[in-house]
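Start from the sequences and build out the full structure, keeping to the hints where you can.
Chains as they are written, first to last, in this note's numbering: chain R, 1 to 160; chain V, 161 to 371.
Any given hint could turn out to be false.
Said to hold, decoys possible - Here are the computed distance ranges between Cβ atoms for each label pair:
hint, chain 1, residue 1, chain 2, residue 2, range
1, V, Phe358, R, Leu25, 40 to 46 Å
2, R, Val144, V, Phe358, 39 to 45 Å
3, R, Leu106, V, Val221, 54 to 60 Å
Claimed, not checked - Below are the DSS-like pairs computed for lysine-lysine, each with C-alpha atoms no more than 30 Å apart in a straight line:
hint, chain 1, residue 1, chain 2, residue 2
4, V, Lys347, V, Lys184
5, R, Lys30, V, Lys283
6, V, Lys274, R, Lys103
7, V, Lys209, R, Lys49
8, R, Lys30, V, Lys201
9, V, Lys356, R, Lys49
10, V, Lys282, R, Lys49
11, R, Lys30, V, Lys184
12, R, Lys3, V, Lys184
13, R, Lys150, V, Lys184
14, R, Lys43, V, Lys201
15, V, Lys189, R, Lys49
16, V, Lys274, V, Lys209
17, R, Lys103, V, Lys167
18, V, Lys209, V, Lys283
19, R, Lys103, R, Lys150
20, V, Lys207, V, Lys266
21, V, Lys167, V, Lys355
I should point out that these hints are in silico values taken from the structure, not numbers from a laboratory.
The model shown is predicted, which means the values in this text are computed figures rather than measured ones.
Here a beta-carbon is modelled for each residue, glycine too, at the ideal position from N, C-alpha and C.
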Amino acid sequence: MEKEFIELINSHQGILHKICNVYFLRDPYKEDYYQEMLIRLWKSYPGFKNQSAFSTWLYRVALNTAIDIIRKQSILPKHTGLSITEYNIAEHKSNIESENKDKLYLAINLLSDIEKAIIILYLEEFNYREIAEITGISENYTGVKINRIKTQLIKILNHG
Amino acid sequence: MDKNDLKSIWRDAHYNKSDSHFSKESLEKTMALKHSRVISKSLLDIKIKVLLYTLIFLIYVGLMIYAFVYLRLNLSVNSLVPLVLAGIFLLISATTEFVRLLVLTKTADNLSLKDSSLVFCKKLKRIKTTDFIIYLVIFYLSAILIIFNYLADIGGVKNLSWYNEIVPVPLLGILILMLLSVPWFIKYLNNRRYKKLFSDLNESVHQLSDQ
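Here is the structure:
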């Protein structure tokens with residue numbers, strides 16, 4: 001099971017980077033949270049029953065983890081000076097190079113945690129049924145919700 | 161820029177970007193951990209507090225049993241009050257941190273975002289209610305015990321009089337009132353402490369509802 005999980009994670013690592021960039025864009029603990037996502041994915045892996053695609057399951061767990069970390073910040077004791085991880089993770093440079101990408105990330109950063117999740121799934125080309133499955137919104141309402149978020153994003157991008 | 165540009169910007173931004181890969185060893189190392197470094201550090205701090213308060217509380221209870229049961233120490237009500245207050249403080253400190261640890265370690269990652277929020281909200285409410293009921297039982301029983309002991313000391317209710325018994329021991333009255341109000345005070349503190357968490361959870365559920 002371990003070997004299978006490692007292979008699957010290695011082929012889907014980009015997803016985790018994207019989620020981390022969206023939820024913890026300028027957070028000094030971004031790498032720690034990336035690692036926390038991996039740990040919780042591994043803990044949840046026995047619950048993956050192949051009923052959905054691996055990427056759908058991965059998004060569900062990783063988004064839940066990211067949102068959970070942010071929610072619990074209010075009751076966590078604060079720590080400083082722990083941003084450098086001890087673990088042997090290859091350093092991943094910020095790949096926010098283009099101005100447009102930078103703008104898009106900053107605009108997404110202004111959305112609520114749930115809106116962020118929905119828009120990532122939309123941008124990652126998930127269909128309404130899959131988005132509904134991951135988020136728990138009804139399939140019919142998914143389109144309405146996405147449209148509202150897109151309007152909001154465009155407004156932010158065009159007016160700053 | 162219009163709505164259709166969003167996907168193309170996203171696609172261009174991530175096209176052909178190969179993110180760094182974990183080596184098999186570092187992935188195995190990570191998988192063996194319970195939490196990431198920063199979260200482990202926070203949880204460890206809370207665990208140390210729980211252990212410390214529990215240890216001091218147990219020593220305190222041991223000393224009280226030794227003094228009052230073994231040595232049969234007989235203190236006046238006024239001398240007992242600070243001792244009881246110290247015990248209350250230690251008990252509250254230990255349980256408050258324990259509840260925080262419970263809340264921080266509860267997760268429901270395999271569910272949809274909406275179900276996960278609902279389940280977590282339910283778990284949080286259950287933890288808060290259980291905490292309140294435990295306090296209610298402990299402190300109301302303590303208050304009843306103190307009243308019974310006091311009445312036994314003065315020879316029963318028939319000997320109780322306003323001027324001779326109640327006025328001279330105002331501290332006893334204050335202590336009883338404090339014991340009765342502790343569970344409600346804790347409930348208020350918990351509501352304040354978890355207010356943001358609850359409002360975030362409710363906001364998530366609201367946003368994921370069909371409205």
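Verification of the hints:
no.	hint	result
1	V:Phe358 / R:Leu25: 40 to 46 Å	violated, 26 Å
2	R:Val144 / V:Phe358: 39 to 45 Å	violated, 27 Å
3	R:Leu106 / V:Val221: 54 to 60 Å	holds, 55 Å
4	V:Lys347 / V:Lys184	violated, 48 Å
5	R:Lys30 / V:Lys283	holds, 27 Å
6	V:Lys274 / R:Lys103	holds, 29 Å
7	V:Lys209 / R:Lys49	violated, 39 Å
8	R:Lys30 / V:Lys201	holds, 15 Å
9	V:Lys356 / R:Lys49	violated, 34 Å
10	V:Lys282 / R:Lys49	holds, 25 Å
11	R:Lys30 / V:Lys184	holds, 21 Å
12	R:Lys3 / V:Lys184	holds, 9 Å
13	R:Lys150 / V:Lys184	violated, 39 Å
14	R:Lys43 / V:Lys201	holds, 19 Å
15	V:Lys189 / R:Lys49	holds, 25 Å
16	V:Lys274 / V:Lys209	violated, 33 Å
17	R:Lys103 / V:Lys167	holds, 13 Å
18	V:Lys209 / V:Lys283	holds, 23 Å
19	R:Lys103 / R:Lys150	holds, 14 Å
20	V:Lys207 / V:Lys266	holds, 15 Å
21	V:Lys167 / V:Lys355	violated, 37 Å
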